[in-house]
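Chemist: Residue strings, one per chain:
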Amino acid sequence: MSTARKRSTIAEFRKATKVKPPENVMRIMREQAQVRGAIVKALASGPKTIPEIAQATGMPVPKVAWYVLTFVKYKTLEPVEQTDEGYWRYKAASGRR
Amino acid sequence: MSIRPKVLYGEPEELPEERYDVLVIGGGIAGMQASLDLGNMGYKILLVDKEPTIGGHMFKLSKTFPTMDCASCISTPRMAEVSHHPNVKLMTYSEVKEVWKDGEGNFRIRVFEKPRYVDPSTCTGCQECEFACPVIVSNEYDWGLSGRKAAFIPFDTAVPRIAMIDMDNCVFCGQCERACPADSIDFLQRPKWHTIRVKTVILATGFHLFPIEKKLEYGFGKYANVITSMQMERILAPTTSWHAIVRPGDGKEPSNIAYVLCAGSRDRTLGNPYCSQVCCMYSIKQAQLIAGALPLADVTIYYMDIRAYGKRYEEFFQQAKDMGIRFIKGRVAKIEDMDNGDLMVYYEDIENGGRLSKAQHDLVVLSIGLLSNPEIAGIFKNAELKLDMMGWIASPDENVNPVRTSIPGIFAAGTAIGPKDIPDSVVEGSAAAMEAAAYIEKVRAVKPVPAEARSEG
Ligand SMILES: Cc1cc2nc3c(=O)[nH]c(=O)nc-3n(C[C@H](O)[C@H](O)[C@H](O)COP(=O)(O)OP(=O)(O)OC[C@H]3O[C@@H](n4cnc5c(N)ncnc54)[C@H](O)[C@@H]3O)c2cc1C
Ligand code: SF4
Ligand code: SF4
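In order, the protein sequence lines correspond to chains Z and Y.
Throughout the first sequence, residue numbering follows the numbering used here, covering 3 to 99 in sequence.
Throughout the second sequence, residue numbering follows the numbering used here, covering -6 to 450 in sequence.
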């Protein structure tokens, strides 16, 4: 990380435009933080498949699938092993970001 | 696939006029080929693409038929060659808004460059901003298969590999700026207007994918395990963001996959009567890739006719049959989902007297067609770019000179002219480059190119 930061352009931008964070995006962001927390919590007791995470969290299976695959991409989760039925089990990634 | 910001902040900056010999619009495989050929002949080229990266559709594909070359392995070096070529200037995330013909060999162009809110001269592409950003939205560069952040790099192999901020989905928290080790985030960046003078223009603006959600009977967008062939390209590609071949509905490895050919092509009910030319072959390619990756999986292709017209295409089709891929001649009438996420495919079984049959699959891939990109005609302000009745760029001499357009000095290449595969797009890229060079030399021989149109060097 550089130590001598030039300036905070976001602060200047916010001051100049007086723009407010869009309500719908704020809502999505808060919901995503909850989804992520719920999935990580569900995995605390051991690796799970997507349908098992959906059951533990009460969320729809396709929604869990989309988030799990995205979280794997961002290294929040990692695949562990495949079941005989062809599902993957996931766990929270060790170097989680 | 396209990122089109709704709001842009800051007054656009007006930049001084620049001169080039040729403007190439569109940095897909056809536009890259034209730029490289002309650049190698010594002409100065400006290559403009509306997306934050060049490469078009090709570099997002898995492999290419019938040679099974890795698409990104063959397109990425070409993208790098374009971006490092001394005679080619690249302008990405920019739109050509106006083309004025001021005389033969003299075009005045207005290009609008959108801000990325990232300094391209210092960004190292490290993705720290992306990991730090708290907002996830659907990733248009993966056709929605997974999410991306509001601060993001569109693609691992993007050229240029520079981050950008999606301001429509930004909550202005500043986490990206704090995480960036290179101080590259710049929320004060403004849009730019460029005025360009060129002697000739090549249109290589490619195609759109057919919006198959319009075919309600197929349930795309409603049933999670009905996907498009482009999504399947992303799942199978070495640059995929997924860790395995699974179905999007529940993460299960598919074992019985159906392909529905001519989805959105040769279908008068959808206003698309023509054949998209590549869907048969890319579906056979994907089926072979799946057979290799998931040897226990069954793959069935529902087709009307197989159009394997190119060099070694028929052999490629026969090879697929030898690999155990099933071909069923029949038009799919409708698809319904089942409780376990599987799909019931109803089809007209032509080889068995045309009776209505049904079959269960655990993943359905819709082989979607290619649509024209007619918006390009709107940029010509004092000349008419003629399109054919389906919106593809029309040539006045289609049989003898397919790359010519209705405007002398404007040429076209690739799928901007009509549906075609990569080899034909490349050939047309080279043909348009030759025509453009011949046009410049002809104008030069007849009368000196006006001083205001002359490029430096
Ligand atoms: C699912 C699928 C699989 C395929 N698989 C194969 C295969 O295996 N083998 C094969 O040979 N072919 C395959 N094809 C066909 C192949 O993708 C095309 O032949 C090829 O990509 C055409 O290249 P292009 O340069 O003409 O267009 P594109 O790839 O569409 O590139 C056009 C470029 O122009 C830019 N652009 C558009 N409008 C503007 C504008 N107004 N201003 C600035 N820039 C603009 C776009 O951003 C893009 O970068 C496949 C197609 C599909 C849909
Ligand atoms: S300022 Fe915007 S882009 Fe940057 S981290 Fe926050 S939400 Fe993401
Ligand atoms: S903007 Fe900064 S953090 Fe983001 S990729 Fe570029 S250098 Fe890395």
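Since the hints were derived computationally from the structure, they do not count as laboratory data.
Some hints could be false.
[Stated by the list, open to error] In silico DSS-like pairs for lysine-lysine, Cα to Cα no more than 25 Å straight-line:
id : chain 1 : residue 1 : chain 2 : residue 2
1  : Y       : Lys379    : Y       : Lys322
2  : Z       : Lys22     : Y       : Lys(-1)
3  : Y       : Lys43     : Y       : Lys82
4  : Z       : Lys75     : Z       : Lys65
5  : Y       : Lys207    : Z       : Lys65
6  : Y       : Lys435    : Y       : Lys43
7  : Y       : Lys314    : Y       : Lys37
8  : Z       : Lys20     : Z       : Lys43
9  : Y       : Lys207    : Y       : Lys413
10 : Y       : Lys185    : Y       : Lys94
11 : Y       : Lys94     : Y       : Lys314
12 : Y       : Lys94     : Z       : Lys20
13 : Z       : Lys17     : Y       : Lys(-1)
14 : Y       : Lys327    : Y       : Lys351
15 : Z       : Lys65     : Y       : Lys215
16 : Y       : Lys37     : Y       : Lys215
17 : Y       : Lys215    : Y       : Lys90
18 : Z       : Lys20     : Y       : Lys207
19 : Z       : Lys17     : Y       : Lys185
20 : Y       : Lys351    : Y       : Lys314
21 : Y       : Lys435    : Y       : Lys379
Note that the structure is predicted; figures quoted are calculated from it, not measured.
Chemist: Checking each numbered hint in turn, tell me which of them this model violates, lowest number first.
Modeler: 1, 6, 7, 8, 11, 12, 16, 17 and 18
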